[in-house]
Amino acid sequence: MSASMNSNLVSNRNPSSDAAVNRLRRAFFHPLSRPLGALAVLLLIDFFMIPGFFRIEMKDGHLYGSVIDIVNRAAPLMLAALGMTLVIATRGIDISVGAVVAISGTIAAMLIGGTMVVNNGVPEYVSNIPMGWALAAALGVALLCGAWNGLLVATLGLQPIIATLILMVAGRGLAQLLTDGQIITVYYKPFFYLGSGYLWGLPFSLFIVAGMFVVLALLMRKTALGLFIQSVGINPVASRLAGIRTAALIFFVYIFCSLCAGLAGLMISANIKSADANNAGLLLELDAILAVTLGGTSLAGGKFSLVGSVIGALIIQALTYTIYSLGVPPEVNMVVKSVVVFLVCLSQSPEFRRLRLFKSGNQA
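No gaps in the numbering here: position 88 of the sequence shown is 88 in this note's numbering, and each next residue is one more.
Treat the hints as calculated values from the structure; they're not laboratory data.
Hints are not guaranteed to be accurate.
Claimed, not checked - Just the calculated beta-carbon pair ranges, DEER-fashion:
hint : residue 1 : residue 2 : range
1    : Ile56     : Ala210    : 14 to 22 Å
2    : Leu177    : Val339    : 33 to 41 Å
3    : Leu241    : Ile50     : 53 to 61 Å
4    : Val169    : Gly327    : 31 to 39 Å
What the hints assert, rightly or not - DSBU-like mimics (lysine-lysine), calculated; alpha carbons at most 35 Å apart, straight line:
hint : residue 1 : residue 2
5    : Lys303    : Lys189
6    : Lys59     : Lys222
7    : Lys303    : Lys59
C-beta: ideal position from N, C-alpha, C; glycine also.
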């Protein structure tokens, strides 16, 4: 009789409800569910704690508001996180990102500067050299920094954290030597557009991030590059035996990471209208690593998510905005970040995963 009752229950089940439950289950266990949930919680706290948080106004053809401000200020971190994603996906790490930001911004500020001239009785500032050449030189130096890191890691076989530590220390020191420890002010207004300009009502920095994201996503989806990066991150020895040029691939990801950092440096320098070699990009590499791990990229390599890294950068900037807006001391921000890093690393620990699976198996 019990068997017949069970068969009746199975036959009476609604297929549409089962499909809905399966969709909800897949959505809940989706890799992006946790970072999206964390961002939603932060925005919900801001909604209740900060008056007019979601209010967006149009002034002088530009959109203004707390949400726009968060996204705009997160743009350099999103760029750095995109580059860091590929490095971590190959089992690497790049802690020289902040130094590359300082070098890139310094080179651009020194070459652009701003000299006052008088045209028809009207004073105006002009760039010391054409701005295009200055930006190309700054990005070229950033690419050289990435090539240096890639050479040490891919060719000489140094541990990534040691190889990039060299540039982290020497790079910022070089930037300080170039500026003699002083802040170089830029007076050329077209340069400011990179960091504080607007296009179609939105910050121009967002279009730079979107362009880089689209290019990278197309490379990962439409070519075999994404598959190769995952393969190298999972097992570099097997990938090399399978015919993948692992050294060239690792060399590429470090160059790309420094390119993203160089763009972030230009953006930061244009936003503050100066080059501060002492503070520009300071600890940005740590925020980039945290953003990547928050987005679901595995620290063990292989698995990575570009969308998740962007969401992770938004989480960090939203957290910083929330702490400052609520009047909490800024030092608390570092404590919160350290707790988040601990929890993320703990969740990705193999021992912790085995313990969690063991408990769930016993409960079943």
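- [ ] Compare the structure with the hints numbered earlier in the document and write down the numbers of the violated ones, lowest to highest.
- [x] Violated hints: 5, 6, 7; rest satisfied.
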